[in-house]
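Trainee: Chain residues, written in single-letter form:
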Amino acid sequence: MDAPALAVNTELAAALSLGGGRRRGFRWGRLLLIVAALAFLAAFLLLPLLVVFAQALSKGVSVYLAAVSDPVAWAAIKLTLLVAAIAVPMNLVFGVAAAWAITKFEFRGKSTLITLIDLPFAVSPVIAGLTYVLIFGARGWFGPYLQEHDIHVVFAVPGIVLATVFVTFPFVARELIPVMQALGKDDEETALSLGASGWQTFWQVTLPNIRWGLLYGVLLCNARAMGEFGAVSVVSGHIRGLTNTMPLHVEILYNEYNYAAAFAVASLLALLALLTLAAKSILEWRQPELRNGARLLREKTLRGKP
Amino acid sequence: MVSDAATATPAGRRGRSPLIPGFGLTLGYTMVYLSLVVLIPLSATFIRSLDLGWGHFWAVVTAPRVLASLRLSFGAALLAAAVNALFGLIISWVLVRYTFPFKRLIDAMVDLPFALPTAVAGIALTALYAPNGWLGSLLQPLGIQVAFTPLGVVIALIFIGLPFVVRTLQPVLEELDKDVEQVAATLGASEWQTFARVILPALWPALLTGFALAFARAVGEYGSVIFIAGNMPMRSEIAPLLIITKLEQYDYAGATAIAVVMLILSFALMLGINALQSWALTRNGGR
Chain A
849 MDAPALAVNT
859 ELAAALSLGG
869 GRRRGFRWGR
879 LLLIVAALAF
889 LAAFLLLPLL
899 VVFAQALSKG
909 VSVYLAAVSD
919 PVAWAAIKLT
929 LLVAAIAVPM
939 NLVFGVAAAW
949 AITKFEFRGK
959 STLITLIDLP
969 FAVSPVIAGL
979 TYVLIFGARG
989 WFGPYLQEHD
999 IHVVFAVPGI
1009 VLATVFVTFP
1019 FVARELIPVM
1029 QALGKDDEET
1039 ALSLGASGWQ
1049 TFWQVTLPNI
1059 RWGLLYGVLL
1069 CNARAMGEFG
1079 AVSVVSGHIR
1089 GLTNTMPLHV
1099 EILYNEYNYA
1109 AAFAVASLLA
1119 LLALLTLAAK
1129 SILEWRQPEL
1139 RNGARLLREK
1149 TLRGKP
Chain B
963 MVSDAATATP
973 AGRRGRSPLI
983 PGFGLTLGYT
993 MVYLSLVVLI
1003 PLSATFIRSL
1013 DLGWGHFWAV
1023 VTAPRVLASL
1033 RLSFGAALLA
1043 AAVNALFGLI
1053 ISWVLVRYTF
1063 PFKRLIDAMV
1073 DLPFALPTAV
1083 AGIALTALYA
1093 PNGWLGSLLQ
1103 PLGIQVAFTP
1113 LGVVIALIFI
1123 GLPFVVRTLQ
1133 PVLEELDKDV
1143 EQVAATLGAS
1153 EWQTFARVIL
1163 PALWPALLTG
1173 FALAFARAVG
1183 EYGSVIFIAG
1193 NMPMRSEIAP
1203 LLIITKLEQY
1213 DYAGATAIAV
1223 VMLILSFALM
1233 LGINALQSWA
1243 LTRNGGR
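Protein chains in written order, with this note's numbering: chain A, 849 to 1154; chain B, 963 to 1249.
Possibly wrong hints are sitting among the right ones.
Unchecked claim - Residues from chain A shown here face chain B by an in silico Cβ test under 8 Å; the list is partial:
#1 Leu-881
#2 Leu-889
#3 Pro-896
#4 Gln-903
#5 Lys-952
#6 Ala-970
#7 Ser-972
#8 Pro-973
Just so you know, these hints were derived from the structure itself, not from any lab. Where is the CB? At the ideal position from N, CA and C, for every residue including glycine.
Given only the sequences and the hints, what does the whole structure look like? Please build it.
Mentor: Here it is as structure tokens:
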């Protein structure tokens, strides 16, 4: 069918037979939809973001600075950075390994494996925390053994790391799999046939190819790791200065009615979120296909089923 | 364009690629890590719930307070997902089809709930909808109280679920063939007829998927809800909070029983989403 001719037809039909009234009606409809969408986004996204900064500065800059530079707040910031610095690389290595196995080879149960990798998204963060308490807690499977050897997992840093690893588990893998799927394996096979070793091929051929997709996954993984609340809340024990991450510190300040301080620490997390969104947008602008990666992956695995 | 290895390979030729190394290493590591981090801890929850015995388990999960919390978690999640389906459709339509100032910025903002820590979202929404808040003070004279009521739970879950609907619909809308709409228009269909008979049928699968994803996420949500909910037992107490309450009282058995019920319902939902998507794909004839 001839598209330009059709477009002319449409305009003709609108101009001749239907008159100006419908065009105006169409414009009003368009305006109404835009206003409805923007009002909804303002009420649900923009205002909550603004209120964080407004509340944080409501008692003045000095209160803000005092809240942010408080030693307990610093301990929380350091713990949050430490937990992310352990959890994100762990899931990064896993994501690369899983994507390599899934995209370079054919094996039975591949679509089941991909579904299992997504499993943590279907689990409430609170339940994620609970599972580790059931295993490592005082009354858990390994509880007596751990107590005997004075090893602390739950209500200590290892438990917080484990809970964070669980909730951020799928992020890198699910961004990387569609990227590597789309790249295929020709480049690697060429390098290998020219005599490169497996590791050389990975470092010098695969890694440069997937670097943006990898960064994208790490970005999302990191944002969730630093902001996780429910899972960490269950395993942390809320020990001030020791096992409080930034989100937990926000909760404690808030529950003590210390709102300005709570929002001050929260504003740091909100800034992190804005930075993440900015970096994500830049990556999407460089590599538009990153945006639809996860959806394409799901379609592919479902189509791959016999 | 992208040749899919899974479908391109003849059914008989499974197994390793002749050239590429690392199959055993990467798949082995994937399986061990998956088992240690996800599968074993999750099965521990199911195994621990067996300690209870069926009678005790049933007594725990049918206690009025537990049933009320499950009803709230699933009911509010369903309502929030429905609101998100409607406004997510409008937002993605506006973002794909129309141009207006700051569109790219607004598009990027849609992902805010993915990036903003849930606890921050929780206290921000509470401050906003509290009786003396920016929006709460406007709603108060109308007799609508949001904060510390079940309505507050719904509001928090709308916030959490919105990007799931928009990001599922957007790519489908972008791929929709505008020619078909123009044909419908030249044949005399009104705007509304074109939307209801031509566009909506093509969007249904994605809309349902976005709805289901938003619902699944909302059911287990904790951080953004507990601040705004007020957490009154029987009224505004969500199931994940009740799990934590039971844990704090060292009632591991009770916490585990609620967790198992939620896990079973969530997994059923996830299987449903997968089935829905394969149905949508076969219906579209693998286009």
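Trainee: Determine for every hint whether it applies to the structure shown.
Mentor: Taking the hints in turn, this is what the structure says about them:
For Leu-881 of chain A, the suggested interface contact is upheld, since its CB lies about 5 Å from the closest CB of chain B, less than 8 Å. Annotation: Leu-889 of chain A was flagged as interfacial toward chain B, and the flag holds, the nearest CB pair being 6 Å apart, inside 8 Å. Using the Cβ-Cβ criterion of 8 Å, the hint placing Pro-896 of chain A at the interface with chain B is satisfied: the shortest such distance is roughly 4 Å. Interface restraint check for Gln-903 of chain A: the shortest CB-CB distance to chain B comes to about 6 Å, inside 8 Å, so the restraint holds.
With 8 Å as the threshold, the beta carbon of Lys-952 of chain A comes within range of chain B, its nearest partner Cβ sitting at about 5 Å, so the hint holds. With a cut of 8 Å, the hint placing Ala-970 of chain A at the interface with chain B holds, because the nearest CB-to-CB distance is about 4 Å. Hint on Ser-972 of chain A holds. Least Cβ distance to chain B is approximately 3 Å, under the 8 Å limit. Residue-level restraint check for Pro-973 of chain A holds (minimum Cβ-Cβ distance to chain B is 6 Å; threshold 8 Å).
Hint compliance for this structure: no hint is broken.
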